[in-house]
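*Asks:* Here our numbering is used: the first residue of the sequence shown is 91, the next is one more, and so on.
Treat the hints as calculated values from the structure; they're not laboratory data.
Errors might be hidden in some of the hints.
Per label pair, the in silico range of CB-to-CB distance [claimed, not checked]:
#1 L128 x L161: 18 to 26 Å
#2 L128 x W258: 17 to 25 Å
#3 W258 x P96: 27 to 35 Å
#4 P140 x Q244: 23 to 31 Å
#5 Q244 x A107: 26 to 34 Å
#6 E241 x P165: 27 to 35 Å
Glycine is no exception: its CB is placed at the ideal position from the N, C-alpha and C atoms.
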Amino acid sequence: AQLGIPLNAPVVGIVAALRPEKNHELFLRAAAIVRDQLPGARFLVIGDGPRRMPLEQLASSLGLRGDVHFLGNRPDVPQVLSALDVLALTSHMEANPVSILESLACGVPVVSTLVGSVSETVRNGSTGFVVEPGNVEQMADRWLELLNHHELRQRMGSAGRQLVAANWS
């Protein structure tokens with residue numbers, strides 16, 4: 091409600107600095123595909139950086155104005171994560187992203203590109219899904235799979251919470 095999003099809206103978010111290697115363009119292109127199939131879906135971009143203006147322009151050119159919310163840097167990331175149905179990570183390259191652990195600890199499944207050490211925490215089919223880097227269709231399909239299947243989201247969210255509790259508490 092604080093973000094101006096209807097309570098029943100499906101929500102996908104990304105938590106990452108707005109830098110080229112994070113590939114927010116993939117996030118926005120997948121958002122356009124998902125929004126066409128789920129018109130009520132909303133998308134949160136949490137983070138800030140030098141790519142903000144071009145990314146806002148891309149969102150507008152994709153017809154996503156009003157559907158994508160650029161939230162900037164937030165001191166309340168766990169609270170914002172609790173508003174998500176799915177966390178996305180769309181990076182070209184990555185080390186060990188903390189946003190994945192935060193999301194899983196909040197019981198939110200993750201769809202991520204298969205980069206860096208992601209597969210240690212995003213266990214494909216268990217705590218979320220991994221897709222090939224740069225593959226917008228795979229990313230959108232996996233979001234849709236989770237957004238359309240409440241029980242699957244809950245099962246993966248629970249598995250993610252258990253994984254984090256067992257290994258990183």
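*Asks:* At the C-beta level, are L128 and L161 separated by a distance inside 18 to 26 Å?
*Replies:* Since the Cβ atoms of L128 and L161 sit about 20 Å apart, the hinted range of 18 to 26 Å holds.
*Asks:* In this structure, is the beta-carbon distance linking P140 and Q244 contained in 23 to 31 Å?
*Replies:* violated, 37 Å
*Asks:* Can you tell me whether the CB distance of E241 to P165 sits inside 27 to 35 Å?
*Replies:* At 33 Å between Cβs, range holds.
*Asks:* Could you say whether the range 17 to 25 Å given as a hint is met by the Cβ separation of L128 and W258?
*Replies:* violated, 32 Å
*Asks:* Indicate whether the distance between the beta carbons of W258 and P96 respects the range 27 to 35 Å.
*Replies:* holds, 33 Å
*Asks:* Just tell me: holds or violated, for the beta carbon distance of Q244 and A107 against 26 to 34 Å?
*Replies:* The hinted range 26 to 34 Å holds for Q244 and A107, with Cβ atoms some 30 Å apart.
In summary, the structure is inconsistent with hints 2 and 4 from the numbered list given earlier, while agreeing with the others.
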